[in-house]
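A.B. asks: The chain contents come next:
There are 2 protein chains.
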Amino acid sequence: MNGHRSEADAPTSLVVTFPVDRPLITDAGGTVSPLTVAYQTYGTLNADRSNAILVCHALTGDQHVANVHPVTGKPGWWRAMVGPGKPIDTDRFFVICSNVVGGCLGSTGPASINPATSKVFGLDLPVITIRDMVRAQSMLIDHLGIDTLFCVAGGSMGGMQVLQWAALYPDRVFSAMPIATGARHSSQNIAFHEVGRQAIMADPDWRAGRYLDEGTRPEKGLSVARMAAHITYLSDQALHAKFGRKLQDRAAPTFSFDADFQIESYLRYQGRSFVERFDANSYLYMTRAMDYFDLAADYGGSLAQAFKGTRTRFCVASFTSDWLFPTSASRAIVHALNAGSASVSFVEIETDKGHDAFLLDIPDLLATSHGFITAMARARGLA
Amino acid sequence: MNGHRSEADAPTSLVVTFPVDRPLITDAGGTVSPLTVAYQTYGTLNADRSNAILVCHALTGDQHVANVHPVTGKPGWWRAMVGPGKPIDTDRFFVICSNVVGGCLGSTGPASINPATSKVFGLDLPVITIRDMVRAQSMLIDHLGIDTLFCVAGGSMGGMQVLQWAALYPDRVFSAMPIATGARHSSQNIAFHEVGRQAIMADPDWRAGRYLDEGTRPEKGLSVARMAAHITYLSDQALHAKFGRKLQDRAAPTFSFDADFQIESYLRYQGRSFVERFDANSYLYMTRAMDYFDLAADYGGSLAQAFKGTRTRFCVASFTSDWLFPTSASRAIVHALNAGSASVSFVEIETDKGHDAFLLDIPDLLATSHGFITAMARARGLA
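In the order they appear, the protein sequences are chains A and B.
The first sequence begins at 1 in the numbering used here and counts up one residue at a time.
The second sequence begins at 1 in the numbering used here and counts up one residue at a time.
Hints in this document: simulated from the structure, not taken from any laboratory.
Check before you lean on any hint, since a few could be wrong.
Note that identical chains are pooled: a pair holds if it fits in a single copy or bridges any two copies.
[Said to hold, decoys possible] Heads up, simulated SDA-like pairs for lysine to any residue below, C-alpha to C-alpha not over 25 Å straight-line:
no.	residue 1	residue 2
1	K308	R245
2	K246	G300
3	K119	E276
4	K246	S328
5	K242	A332
6	K242	R331
7	K242	T327
8	K242	R197
9	K242	W323
10	K86	T351
Given only the sequences and the hints, what does the whole structure look like? Please build it.
C.D. replies: Here it is as structure tokens:
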């Protein structure tokens, strides 16, 4: 059907399918078996297997961190951060990124074929949590013969996975970079996700989740969901600076419901292009995983307890104009780490780019990351 | 069909229909003829006709300021502000509120019958601007035999009308209270409106705007639009305080797409109840009117010019946690008024209630309003 549809079952990636006796048992009590994980790697694993960096992707991201995307033909989503000579330097490190379980670019997700029925999973896939994503990643890391990751890094939902990795497998994470994230999803963030889900489920082409079997796609609903979410990734200041009240290709308002304003035209484009590369059910699963994320809740309500005794070194970063994961959410992480005397550096970066700043060429972010990774490499004894 | 449907043509309100030789010529170059305005009044007009206060309603408001709503059965939307002994004291003042043109509670709007075709207007109604709303109100004020309004007051879109009244009819406005508003709609605000419109227009039951003729209603789309907008009326702090991550009637998450969280259940309720009382096309018209509002643009780009030489006394109020119309938007109004040496007092009120604070029983808002109106009444020579 669409490019992303074939990527769900025959991805342009490395793929590992685990034997049926190694299923993923999910937090929801479900079983994913066999579990397939699609992933990309960059650089070379050293003889000690000590130079591996795991990159965790965000809600609508995927494993194509630093290569041309097989569906969109666009460069990788973290090209500012990952590549030769970049802060996550593929000349020095072995970089891994896997599509999360529940995703739609080759790892087992709602758009995958369910081997039990030979039909698309749809909503028959168990609901996935951030911890389930991390468990699946740990199986991949085992498969690659890596014991300890030199670093786990990611922004937004990727940052949630970084925190979950550090809590779940403290001895396997030498250093961690959670960026523009939080240890739990806020009420307002759940609210925005719920709007997106309702938009998708309101689309009659969603067909109670069975649209792929029935040959439809809830493109309008998914597009509206993306438009609403996209606003939260930017900032009022950035929108004002970039678009203001400028009109799109016209000298005067048309007094109609056309896209008179550039911001409208831009948002509609964001919606249209998103549906080309993403699966609507995957969007439901990803947003739900974020909603359920509350790391402290797994440790008796104490975030400090989640990181108790950790030897992982942390670098936490936030952005001044990020209102989805504001600096206060990062500070809560830092306070919890401080409470356990963990090694942590924290930087709040001044920018008007909003939440999406973690994806962009923000010099302060890149310098911070470069500095942290260089220092960690020295501490780890990497040349 | 629904309660609101009959209110569109046979409102539970006072109604004036102007003769066809007194049409409303809109900014878009359209003609609304005959123009019908539905309105409520409270209190008694004094012999001098000098004690009239015009209240202007917000996007989803209506003329039922201080009486039981004919569709919902709930008390009026500004009962905290308007009534006997309230800041806008109906024992002292003659209070008027009309449904805006383009609305759906009895004034000519897209849900009204088009006399030219005997069918529902739908999108055949010209796009309406804030200035069109104010022109229609001025026709009502003429009809009531009132020359000068003692005060014009309103919040949000109502505040836009207050500013437009002061700019368009400076000699007819003795005092003005624009609350939680701005002199233009921001890029981010246009973006949120566009999401709502796209949600409505994506609903197949919208039928290109002809749903009332065709016996359908885009309830799902309108509900999603309301949910998205509703988040912007609150604040992150208020949502955290009220809902946090609390679950709805259950002890543990269900790991599903049900409304596990209270915030989800609350939002869904907001969507459902809104569609009972509001017309989807009216929602398109109201949001569009706000998008197009840019008072300075009508005065060569200078907001100060809009108020040049004004003798109207202003009281401008904003709320610390309002991110839809932040204090900076109110300050821009105050600066423009100061530039022309206008009489203006300004208060930023500390509250976590967000934009919707203007509707609520916020003591600082009520005290400020009471103080301003009392002082203005003295200045006007009202006993």
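A.B. asks: All hints are to be evaluated individually against the structure, with a verdict given for each.
C.D. replies: Quick rundown of the hints versus the structure:
1. With identical chains, the CA atoms of K308 and R245 are at most 25 Å apart between copies only, with a shortest distance of 24 Å across copies and 50 Å within one.
2. Within a single copy, K246 and G300 get their C-alpha atoms only as close as 51 Å, which misses the 25 Å cut-off; across copies the closest is 16 Å, which meets it.
3. Taking the shortest alpha-carbon separations for K119 and E276, only the intra-copy value of 22 Å comes in at or below 25 Å, while the best inter-copy value is 39 Å.
4. Within a single copy, K246 and S328 get their C-alpha atoms only as close as 33 Å, which misses the 25 Å cut-off; across copies the closest is 20 Å, which meets it.
5. In this homomeric assembly, K242 and A332 come within 25 Å of each other (Cα to Cα) only across copies, at 20 Å, whereas the closest approach inside a single copy is 32 Å.
6. For the homomeric pair K242 and R331, the shortest alpha-carbon distance between copies (22 Å) is at most 25 Å, but the shortest distance inside one copy (29 Å) is not.
7. For the homomeric pair K242 and T327, the shortest alpha-carbon distances inside one copy (23 Å) and between copies (21 Å) are both at most 25 Å.
8. Taking identical chains as interchangeable, the C-alpha atoms of K242 and R197 lie at most 25 Å apart only when they sit on different chains, with a minimum of 22 Å there against 28 Å within one chain.
9. For the identical chains of this complex, K242 and W323 are neighbours both inside a copy (18 Å) and across copies (19 Å), given an alpha-carbon limit of 25 Å.
10. Within a single copy, K86 and T351 get their C-alpha atoms as close as 20 Å, which meets the 25 Å cut-off; across copies the closest is 45 Å, which misses it.
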